[in-house]
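We have chain A; now place chain B onto it with these hints.
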Amino acid sequence: MRTREIRFLLLLLAAGILPAVPLHAAQVDLKSRTLVNRTAYIPPQCYAKTGKPDAKSGKPERGSASNPCYVCHTRGREPNYVKDQGLQLAYSFPTPALKNPWTNLFADRRQRLRAIADRDMAAYIRQDNYHDPDGTIILARRLAHLDPDWDFNGNGRWDGYIPDCSFHFDDQGFDRTPQGGYSGWRALAYFPFPGMFWPANGATDDVLIRLAEPFRSDDRGRFDVDVYRINLAIVEALIKRRDVVIAPVDEERFGVDLDRNGRLGRAERIVYDWAPLEGRDMSYVGKARRLQEEGSLHLAAGLFPEGTEFLHSVRYLEPDASGRPGLSARMKELRYMRKCTWRSYAELEEAALAEVKERDDFPDRIRQPVGDPEHGVYNGTGWLLQGFIEDRDGNLRPQSFEETVYCIGCHGGTGATTDATYAFARKLDSGHPRAGWYHWQAGEGEGLHEPRVQIRGAGVYYEYSYYLMYNRAGDDFHANTRLRQRFFTPAGVIRPDLLDRLHDDVMVLFRVSPEQAMLLNKAYRTIVLDQDYVHGRDVNVQPVAGMLREVEQDRPTGVSRPTVVDSFGHRFGGRLQDERPAETSATSGQGGDAAGLSARELFGRGLPGPDGHRYEVDWQGMIHRSRYSLDVAGVYFPFPRRLTLPTRMIIPAAGNPLCANCHRIGYPGAAGEDPGVQAIVPATTGTPLPADMTALTLDPARDLDGRWSPDGGRIVFVSNRREGDQLWLTTPSGGRPRQLTSGPSTAAWPQWSPDGSRIVFLSEDRAGGTCAIELVNVDGSGKNTGRRVLVRSSGMLARPVFHPDGHHIAYAARTGGNWDIWLVDAASGLRRRLTRDRRMETNPIWRPDGRALAFKVAPQGKYPLTQEYFMTFADGFEQPRIFRWDGPESVQMSDWSPDGRRIAYTAEIISDASGGDRVTYAAMVSDIVLEGERARAVNTRVLSRCRTLGDRGPVFSPDGRQVAFWGWDRSGHASLWRYDLEQDRLGRLTGGGFDIYPRWSPDGDSILLTTARKGGDDLALLRPAGQ
Amino acid sequence: MKKSMNCSLSWLIAAGLMAGMAGHAVAAEKKPSPVPRFAGVPVPVTDGEKRKVVASPEITVDGKRHRIGYNVILRSGDRAGDGTFGLLLDRKGEPVRNRDGSRHISVDNDFSSLLPRGDRLYMVSHFESRPGAMYLTELKQDKTSGKLRAVRTGNIDFSAFGGLWVPCAGQVTPWGTHLGSEEYPTDARATEAAKSMDEIEEYDKPMARYFGLDPYAPGTTVEDFRRVFKPYRYGYPVEVDVSEDGSPSVSKHYAMGRLAVELAYVMPDERTAYISDDGTDVGFFMFVADRPRDLSSGTLYAARWNQVHSAHGGYADLQWVNLGHADDATIRKAIESGVSFSDLFAVAEPREDATCASGFTAVHTTTGLECLQVKPGMDRIASRLEARRYAAMKGATTELRKEEGITFDPDHRVLYVSMSEVAKGMEDGGKYDRGGPNHIRLPKNKCGVVYGLDIRPDATIGSEYVAVNMYGVVAGTPHTYAPDSKYANNTCDINGIANPDNITFMRGRDTLIIGEDTGSGHQDDAVWAYDINSGSLTRIETTPYGSETTSVYYYPDIRGHAYLMSVVQHPYGESDQDKLRDPAEARAYTGYLGPMPAMD
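Listed in order, the protein sequences are those of chains A and B. Note that the numbering used here has the first sequence beginning at 36, numbered continuously upward. Note that the numbering used here has the second sequence beginning at 71, numbered continuously upward.
Bound-form chain A, shown alone:
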């Protein structure tokens, strides 16, 4: 009878006769394993039209295609060996799937919706179909007294999952039983997957995880919530391949070095450090640890351990008046999966490659799902999937075999999954409320920032914005006209203002009006009444136009190149993922980053930035100039706002001598007020110097820019204690400083000659309106001994530096409104112009061997986004050879390594450390390779890893092994930091004060710095431990 009915319906469908109501009221057989739709595992989304929605016929034009496919079909990340990004390019369906079986989506439900009263619908969704009024779980009760029609194997009992989650969560997200115990389920908050899981597309949902019993028990098998919490954090670290912050624990209690610091103590994080081939493994805690050691439980990056379960309830929309989506009490579905077996990387790889071969050999072969309605359906990678769904009356019933086969399409065999799952890898991390362990019902998640993804070869993008732009709609079928109308102009252009708001708050996208929610809820209700989920359970009100009714095998989608999502959700600049050594010892070729990509793959792509150039950002937050674009109309890079925190704190930079010292902005600066220091002083005055710091100057005047003499015996500095800014001389042991220069002109930027006998400096005659490069002898007792002018100019000059030969001095000069690098012979005064470009060239720094000169280029003649260029003089100073920068944008180089192979500089990066995407400064070290016409910066490291809000001024220790720099803390303090290049170790040298401008002594034992701890700016010496 049933069969006949279906056949009849199929006949109707084949004849193109689509009855208005109801389409196919099906009797669901829970004892059958036969599939009406043999390709039920190919979900409706795969039939999405990718052309312009209004395109009448023919293939979509190149570049015009919308691409919703990429969210699922991408290059899997090991150990997901599925690489199905090719499915973005063509409808590569097996023959049996060519005719779209998801006929429900072509139904027009409008007439039926009118027959459902709003009040009835509202009452319906508020009715709990999971709990009885007394709190009993209805399904558990019904499955205990099994309906013979549900008993597939006829053994009188239910052999599948019996729902056991109370959906009653404590403040850590743990599900608590009515007796106050733990069911083991824990709710997690996560970034919803792009597209169909956005509430505005029809449903709300939640996700819960439960690890197997040994993960919840201590060594002796007793439940221990701490053990469980730590094991969940370990699993989170393994799935995300990142460190996970935890509430502090005593490692002794668990016998595991969770933070990998080499000893058992107090741990505040699970450090992700897993490379078994290199002898680095991780361990669970409690009973699971014992079983792991025995080999009966496994641990590996990207995989959940055996016995892991997920519960996922799908619910109706119940938004509040503001449109904020809420979860209805009624469940549409309760989805469940359990990992039955461990599959090693090798087994997963073999299976995936066998699939490749099979698809290649027999493209028309379809999957043969294994399982049954009672146990569930196996997904092929170790998981068993099962589900419960509403019956006609709204009670939850087990899904039929075919209804569950539908699930394995997404949870097995796509490149986007992490061990067959989606949500957990997208879990909110410790930066979010309750570290992301809460149920949506808890009402958190306000102001959730938009997540980001890294698109292979195209940098980092806001995930939802990218989907909206590239898909040109808010759902795969372009059926959600409301979302489209909100985010796009009538001409189909995306609205940047809305994206801007979306970056800060995902609710901008998730809101759904009560009216729309009512409509969508009713539409789904008609499917429930029909019980024909096998023909599609996606919510549609009227026939979906953006879906193909029939597919021509291998028909191109019009997408010209696949979008490959490399990774998700990482903060910029944070400790990166995967192999830790890659971060430190990325010495090979292109200079890999820890995200598993070579610098070359990250470089050179992107979309328009603020100045018309194309830019992209890599995972470390570095901004790169682009040479490539995806060439998709309407898809651009949302360049973050430039609000660098350090600048914001001491703004205005112009007129601030402290800034002007480096930047010459508005130089010569105004005397008197020093807004930068003023801003800091209140927080830092009167703090005693730390034990390892000695004051060199204690004058109330401003003493700064101290420079060691080459032999380390003396220090020159700039002080305004007398006659404005002048040069002064002191020694590392302190004592009374001696004045080297005197007014009326002021002096700045002193640099020692290589033999230590002279100092070259910049002077400004404010009355005469001229600048000069001058020399002064160090020896002698008076002021201005041997002082002489090398260059005088009515235009601005900057930064004279001695060539190591002691004869030549490079400097920057502004002539005719154009900054260039010049060279002057100290003996003859003969000048040469080294650059003639119309761009702005400043900040010359000689390589220690004197054969190369670094200088800064500001293409637009102003900040930001400057670059570092280099020149060499193989053919003499007359014919410098220029190497253009090929590295991160916006640099202010501060030092060469002693061997001349590395540079230390400050770059602008996009930082997440300040809580949002803001451009900030970061101290960097790169290897520099001058070849062809390019200066390639490779093996680039962000030294502070964004543990500061911004940092600057990195300088190499004399042995080249360490770098000191300074950075701002969240508290507004400035501290010195030290980074060990060989050990990849970052350490804070000072804290709680305002310490800037570190300079290593020539013997490397101490660091000269400028500190504001005593009220003004003073010079101090730091002798850090371990020097």
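Wrong hints could be hidden among the right ones.
[As the list claims (entries may be wrong)] No farther apart than 25 Å at their CA atoms in a straight line, the calculated lysine to any residue pairs in the SDA-like style are these: (1) K134(A) x L439(B); (2) K392(A) x A263(B); (3) K494(B) x D395(A); (4) K392(A) x Y286(B); (5) K392(A) x K265(B); (6) K134(A) x T550(B); (7) K494(B) x R969(A); (8) K162(B) x K134(A); (9) K501(B) x G121(A); (10) K494(B) x K66(A); (11) K118(A) x S266(B); (12) K494(B) x Y126(A); (13) K514(B) x D407(A); (14) K392(A) x N559(B); (15) K118(A) x R173(B); (16) K392(A) x K556(B); (17) K514(B) x Y126(A); (18) K514(B) x T74(A); (19) K66(A) x R145(B); (20) K501(B) x L124(A); (21) K118(A) x T550(B); (22) K501(B) x F459(A); (23) K134(A) x P513(B); (24) K118(A) x P285(B); (25) K392(A) x K514(B); (26) K501(B) x Y126(A); (27) K265(B) x D601(A); (28) K122(B) x A389(A); (29) K134(A) x T547(B); (30) K392(A) x P285(B); (31) K118(A) x G139(B); (32) K494(B) x R68(A); (33) K122(B) x D407(A); (34) K392(A) x L157(B); (35) K265(B) x R969(A); (36) K556(B) x R68(A); (37) K134(A) x G500(B).
No wet-lab data here; the hints were simulated from the structure. Keep in mind that this is a model prediction, so the values were computed, not measured.
Same frame as chain A, now just chain B:
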């Protein structure tokens, strides 16, 4: 020759659409052979049956009944002596490992030969993987029952050849060596052109581990990959001899040409070998060695299909296109000198109308439509390293689809070749013929056909064993079962074959054994015994869900016992439901149907 053709033709036409009723004329004239009768096994219907290896419990030979069954010698991952059967090793003999430290145990044993040497019995088994693996196992034969048991197993070293690649089917040569193969060599043109690891075929990547390179490591570049992975090293017949003391000696026969070698099958003259090419838009090849028992030099030919009619799998006269003479040493030298695709061919972009610029030849092979020109002086090397492309350029047919097993019936001088499906390039026109000559114009049969080829002497070629024609003998029949049928989800008639793969002939017994490799054709793969006289098919083995039957190979007499080797690749498993997905259950079975009485 002409008469035979006409007979075949009329027979075939008479046979019409009766599936499984084709044969050949000569057989009918011969006195009935003592055909052994296998007890048939049913189509698996219950879930339990679908998860098991089920084999004929009994065979009647010359009127006497014998209990037989499916006996397992080893499953992949089993240890025998010091060896782990199917463990993949690198060139240093260490297990290849993934990043989690896991080892690869291949579930794809594709052929196991039995090689008696003196008092000893050896089995050489190869595993269809990358890197490929070949294991030499010493067996013990129970003198009375004939049952076989593994004593020890060990890996055979191929490091001298840069490793072994996807060995597929095999043959025991008339002189008793194991002749294996290397299937699906990569497209050297694409590998050479790849700009990043993204453009390297996923299928190829694991081979890098043979050389200690992790293809998925973040820092691995395409240059690193190409440094170790040389496409032209793979895709040849591989011969292994075993001495009585159990030491193997190996050679790769570069002279036989590089293609997706499913199988190279040497004829009784010990010189003529047929080579089947697996995939889409492939060719069919013949190699005639200069000397018997020496496959290291000779002349390679490719077949041209001259279609006569299209009924029942079609009928064609075969014409052999001479691709020239070569020897192993010359070709190997060229490979090791680093010759690349672009050294062999100049290429041009095909025009919109699928034609080529002057001087270039349009060919349509596995790699699609291409415009090629052999570079001066490179003909000999190209004829071997790019045998399929070169054959297409010379006018041979490269439209066959999923060409698999080969076996020979010496009694009636018929060669059998299985075609897993008649589709794609074998159909008339369509994208798989674009730019090509469209020699094969057949209706699609997704259930596949076993072809017969009549063998005649050919003085020009200088061989007694030249195939002159090709015609359908046993065909599968597409069938749709009602959803409530117990056979629902089978798409080929369950009483016929589906996607024939490996085949073996029981000589003197007029019985052709056909193993299937099918997906939805038959839910469970089967092995069939086909009586060439009556045209009747008996199902003699069924294998678990998701598996593939391979290696069917008949040994008429090993010290008084006959065996039908049969391997079950990558099964889903047969245990109860809760352990259903235990990965251990996916281990392959290497075993045999039997033991049967000697039948020579």
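Consistency of the hints with the structure:
1. K134(A) x L439(B): violated (29 Å)
2. K392(A) x A263(B): Holds - the C-alpha atoms of A263(B) and K392(A) are around 22 Å apart, at most 25 Å.
3. K494(B) x D395(A): Measuring from Cα to Cα gives roughly 13 Å; hence the hint holds.
4. K392(A) x Y286(B): Holds. K392(A) to Y286(B) sits at ~19 Å (cutoff 25 Å).
5. K392(A) x K265(B): Distance of about 23 Å is within 25 Å: holds.
6. K134(A) x T550(B): Roughly 17 Å separates the two Cα atoms, so the pair holds.
7. K494(B) x R969(A): violated (51 Å)
8. K162(B) x K134(A): Given that 25 Å is the threshold and the Cα spacing comes to 51 Å, the pair is violated.
9. K501(B) x G121(A): Since the Cα atoms of K501(B) and G121(A) sit roughly 19 Å apart, the hinted pair holds (cutoff 25 Å).
10. K494(B) x K66(A): Cα-Cα ~38 Å, so violated.
11. K118(A) x S266(B): holds (15 Å)
12. K494(B) x Y126(A): Roughly 17 Å separates the two Cα atoms, so the pair holds.
13. K514(B) x D407(A): This hinted pair is violated, its Cα atoms lying about 34 Å apart.
14. K392(A) x N559(B): Roughly 22 Å separates the two Cα atoms, so the pair holds.
15. K118(A) x R173(B): This hinted pair holds, its Cα atoms lying about 22 Å apart.
16. K392(A) x K556(B): violated (30 Å)
17. K514(B) x Y126(A): holds (22 Å)
18. K514(B) x T74(A): Status holds; Cα separation ~22 Å.
19. K66(A) x R145(B): violated (35 Å)
20. K501(B) x L124(A): With a Cα-Cα distance of about 17 Å, the restraint between K501(B) and L124(A) holds, given a limit of 25 Å.
21. K118(A) x T550(B): violated (33 Å)
22. K501(B) x F459(A): violated (43 Å)
23. K134(A) x P513(B): Holds, at roughly 22 Å.
24. K118(A) x P285(B): holds (14 Å)
25. K392(A) x K514(B): holds (22 Å)
26. K501(B) x Y126(A): This hinted pair holds, its Cα atoms lying about 16 Å apart.
27. K265(B) x D601(A): holds (18 Å)
28. K122(B) x A389(A): holds (21 Å)
29. K134(A) x T547(B): The given pair, whose Cα atoms are some 23 Å apart, holds under the 25 Å limit.
30. K392(A) x P285(B): Cα-Cα ~18 Å, so holds.
31. K118(A) x G139(B): violated (41 Å)
32. K494(B) x R68(A): violated (32 Å)
33. K122(B) x D407(A): holds (17 Å)
34. K392(A) x L157(B): Holds, at about 20 Å.
35. K265(B) x R969(A): holds (21 Å)
36. K556(B) x R68(A): holds (10 Å)
37. K134(A) x G500(B): holds (20 Å)
The earlier numbered hints that this structure contradicts are 1, 7, 8, 10, 13, 16, 19, 21, 22, 31, 32.
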